[in-house]
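S.K.: For reference, the chains in residue letters:
There are 2 protein chains.
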Amino acid sequence: MSAGVKKSPLAPDAFPALPPVAGVRLAAVEAGVKYRGRDDLMLAVVGEGATVAGVLTRSATAGAPVLWCRRQLQAEHRPCALLVNAGNANTFTGEPGARHVRQTCEAVGAALGCRPEQVLAASTGVIGELLPVAPIVGAVPQLAESLAADSSAWARAAAAILTTDTFAKGATAQAAIAGQTVTVNGFAKGSGMIEPNMATMLAFLFTDAAIARPALQSILADANERSFNAISVDGDTSTSDTCLLFATGRAADAPAASADLDDFRRALQAVMTDLAVQVVRDGEGATKLITVEVCGGEDDRAAMRIAKSVANSPLVKTAIAGADANWGRIVMAVGHAGQRVDPARLKIAIGGVPVTDHGRRIDDFDEAPLNRHLGGDEILIEVDVGVASGRARVWTCDLTRGYIDINADYRS
Amino acid sequence: MSAGVKKSPLAPDAFPALPPVAGVRLAAVEAGVKYRGRDDLMLAVVGEGATVAGVLTRSATAGAPVLWCRRQLQAEHRPCALLVNAGNANTFTGEPGARHVRQTCEAVGAALGCRPEQVLAASTGVIGELLPVAPIVGAVPQLAESLAADSSAWARAAAAILTTDTFAKGATAQAAIAGQTVTVNGFAKGSGMIEPNMATMLAFLFTDAAIARPALQSILADANERSFNAISVDGDTSTSDTCLLFATGRAADAPAASADLDDFRRALQAVMTDLAVQVVRDGEGATKLITVEVCGGEDDRAAMRIAKSVANSPLVKTAIAGADANWGRIVMAVGHAGQRVDPARLKIAIGGVPVTDHGRRIDDFDEAPLNRHLGGDEILIEVDVGVASGRARVWTCDLTRGYIDINADYRS
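Protein sequence lines correspond, in order, to chains A and B. With the working numbering, letter number 70 in the first sequence gets 70, and the count goes up by one each step, no holes. With the working numbering, letter number 322 in the second sequence gets 322, and the count goes up by one each step, no holes.
Please note that a few of the clues may not be correct.
Said to hold, decoys possible - Among the chain B residues that face chain A by a calculated CB cut under 10 Å, a handful are:
| # | residue |
| --- | --- |
| 1 | 56 |
| 2 | 61 |
| 3 | 72 |
| 4 | 74 |
| 5 | 75 |
| 6 | 77 |
| 7 | 349 |
| 8 | 351 |
| 9 | 354 |
Claimed, not checked - Ranges of calculated distance between the beta carbons of each label pair, as one might list FRET restraints:
| # | chain 1 | residue 1 | chain 2 | residue 2 | range |
| --- | --- | --- | --- | --- | --- |
| 10 | B | 103 | A | 222 | 51 to 57 Å |
| 11 | A | 363 | B | 78 | 35 to 41 Å |
| 12 | A | 94 | B | 367 | 20 to 26 Å |
| 13 | A | 130 | B | 371 | 38 to 44 Å |
| 14 | B | 49 | A | 338 | 33 to 39 Å |
| 15 | A | 102 | B | 221 | 50 to 56 Å |
| 16 | A | 367 | B | 376 | 33 to 39 Å |
| 17 | B | 49 | A | 388 | 44 to 50 Å |
| 18 | A | 94 | B | 366 | 40 to 46 Å |
| 19 | A | 352 | B | 365 | 22 to 28 Å |
| 20 | B | 221 | A | 362 | 34 to 40 Å |
| 21 | B | 371 | A | 354 | 50 to 56 Å |
| 22 | A | 58 | B | 221 | 45 to 51 Å |
| 23 | B | 389 | A | 134 | 40 to 46 Å |
Derived by calculation from the structure, the hints in this document are not laboratory data. Glycine included, every Cβ here is placed at the ideal spot set by N, Cα and C.
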């Protein structure tokens, strides 16, 4: 978090107290990769026998750490640690960039007594500049010596990975698996899908549950669809998006392979959705959190495309910024999505106030509650496209002068 | 064009002098549909034996005039006239909206002695309000009596269809068909894909060439791909986009069915591209015209998707607004397009200055010419994704505070 940057008006009151997760220890340090006077390097260590699952950016220009993580996840190595730096994305750096990821992971492996392939890595910050290896490698021993498991270690780790974020983002939940209570902690960074010279979103989740990798991967991918894949600040996709879930198994005496994981799915979804919405709350220039709920789609995927079309429409986002009940722009964005819509049954409500029905404006609806809602900082747009039963929910933020000021800055 | 609105800094010096097109007469009048003190209703009449082709918005919430045009084009009626009003889009108006289109076309048919199905219609302006029929029907006789074919009639017609445009948009070209010279005139409106409460782009083209409908349709659709379908102001799609091409056949003694139309294709492409770029030059808040040229794509369609991804990226558009050589954002947008890219061969040039090659930044390139280029008001971004030989060119404009001011206006 850059010094002197004003915290988002949508920020939560405080960073939550994250409880220890058996088997997880963390540390952060100022390595001086880019920032001064703040931590910018984070190490998380998981005990032996842990499993890991991940979802990574689909960008065709993904960064070197993303390519490294993809390889190690596919090889299904047992995870040992996670190393994250802020300020340099190590993206579009060619073969040297890949070599630098390996060198930093080798340093962690040497300090912890594991193979480099068991170390996952993530970097965000400026694109196209080589990652400075020396300060990172030099800081690893200090990180390895200062590992801790308490709440302050979690808070410090969450702060160390921030770039242009205006607040640290964390969440926690508990779940019951086969009668046993497990914990899910998570923290994330991201000031929108995009940032000036930066790219972009990271989310790390840790649980003491014992879950085999195939199940862990499917649970993560499923929860990701309704959390991080359901947010948008401006429709741009980063080259570094990384979401990793580590399961240490330290809470479980018996493997949970056969156990019912529904409550764990619920808890993980709650943590990931909480973090995803916090990322939107830190969207560049955001003054309003917008929730778009679509029903009546041909299927859930069609509903998601329509919801994304509304959430990504500059026309809709600027109208909300102006507290303008401009539902005609929502009609446009729905029609623009390229999905089946029944215009004669299209229903739109803003803040719970129906504004259209049967393909027409509802004449003389009460504008007072609508305008009160639009004056607030949490906006709800509900759309029923009247085709079938597909549903989706997307979170975004308004598009303001602040966004332009941040991104059109000559000095960026 | 609203009174007192400042003309776009990218506007051409003047509206071009459009020569007569044999068989075409036009008239405009102040019908008082929405605006006061300006023409807001335009009638164009084509002689007997004319043919017409059209491309219409793919929006699932298309306006009533679009649905009317689609039906008449499919029925392949001989065109008689075109009626266009500004200020009301007659969109999302249900069955009454469709009835109102028919009533206005019946009035034109009665005045000209043709069937209503031979009258095409277009409306842009506010969405969701019923089109006031009486002032339009009442103005039709006056329009029918004041039809003219000279340059001033063309200029007045082009001005009558404007909404929030800051200047009228026209273009003309000549072509040789079988040794005979034909003329192509066109005019368009649109202040971007979107406007405050408005929607949006119309383009009307007229030629005295004799071209049968199937050929005319394929020529128009082809030219449209590289003109109006290759521009974007903000990625939003209007509910009213309509592009019609009328061919009167009055220049030709013999039908041109067998004639070589390549020169006509060239002339039509020139007129449509000219008009399309003028629409971008009138983009809301635009201060810079941006041309994105992509080569090396898997095919032309893949190249177009990549070019659109760059052209629609708020990150890229705000960087250009800030005259910031932020090529990392172009890398992001290229990767975001979901098309095949070879990162190791990705080349990016801005203003002809190569900034990346072989998947890496070009170290110590000369920034002086680059910054001179970015300081100007016409920006060129060239991208080679290094896969195959697919090419595309897209025109867009920068994203500025002016865009936010226009679209987030409380009073819109």
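S.K.: Now tell me if each hint is right for this structure.
M.R.: Checked hints:
Hint on residue 56 of chain B is violated. Least Cβ distance to chain A is approximately 12 Å, over the 10 Å limit. For residue 61 of chain B, the interface hint holds, the least distance from its beta-carbon to any beta-carbon of chain A being 3 Å, beneath 10 Å. A least Cβ separation of about 20 Å between residue 72 of chain B and chain A goes past the 10 Å threshold, and the interface hint is therefore violated. The restraint placing residue 74 of chain B at the interface with chain A is violated, with a minimum CB-CB distance near 19 Å, outside the 10 Å limit.
For residue 75 of chain B, the suggested interface contact is broken, since its CB lies about 22 Å from the closest CB of chain A, more than 10 Å. Against a cut-off of 10 Å between C-beta atoms, the interface hint on residue 77 of chain B is violated, since the closest Cβ of chain A lies about 25 Å away. For residue 349 of chain B, the interface hint is violated, since its Cβ never comes within 10 Å of a Cβ in chain A; the closest pair sits about 15 Å apart. Evaluation of the residue 351 of chain B hint against chain A yields a violated restraint, the C-beta minimum of about 17 Å exceeding 10 Å.
Because the beta carbon of residue 354 of chain B sits about 14 Å from the nearest beta carbon in chain A, more than 10 Å, this interface hint is broken. Distance hint for residue 103 of chain B and residue 222 of chain A: a CB-CB separation of about 53 Å, consistent with the stated range 51 to 57 Å. Between residue 363 of chain A and residue 78 of chain B, the C-beta spacing of about 39 Å keeps the proposed range 35 to 41 Å intact. Distance hint for residue 94 of chain A and residue 367 of chain B: a CB-CB separation of about 21 Å, consistent with the stated range 20 to 26 Å.
For residue 130 of chain A and residue 371 of chain B, the hinted distance range of 38 to 44 Å is not satisfied, since their beta carbons lie about 24 Å from each other. Taking 33 to 39 Å as the suggested C-beta distance range, the pair residue 49 of chain B and residue 338 of chain A conforms, at roughly 38 Å. One distance hint, 50 to 56 Å for the beta-carbon pair residue 102 of chain A and residue 221 of chain B, holds here, with the actual separation near 52 Å. Separation of residue 367 of chain A from residue 376 of chain B is about 46 Å and departs from the stated range, judged on CB atoms against 33 to 39 Å.
At roughly 47 Å, the beta-carbon separation of residue 49 of chain B and residue 388 of chain A lies within the given 44 to 50 Å, and the hint holds. Take residue 94 of chain A and residue 366 of chain B: their Cβ atoms lie about 22 Å apart, and the range 40 to 46 Å is violated. A C-beta distance of roughly 55 Å is found between residue 352 of chain A and residue 365 of chain B, which places it outside the suggested range of 22 to 28 Å. The supplied range of 34 to 40 Å is met by residue 221 of chain B and residue 362 of chain A, whose beta-carbon atoms lie about 38 Å from each other.
One distance hint, 50 to 56 Å for the beta-carbon pair residue 371 of chain B and residue 354 of chain A, holds here, with the actual separation near 52 Å. The supplied range of 45 to 51 Å is broken by residue 58 of chain A and residue 221 of chain B, whose beta-carbon atoms lie about 32 Å from each other. Distance hint check for residue 389 of chain B and residue 134 of chain A: the Cβ-Cβ separation is about 43 Å, which falls inside the suggested range of 40 to 46 Å.
The structure shown violates the earlier hints numbered 1, 3, 4, 5, 6, 7, 8, 9, 13, 16, 18, 19 and 22.
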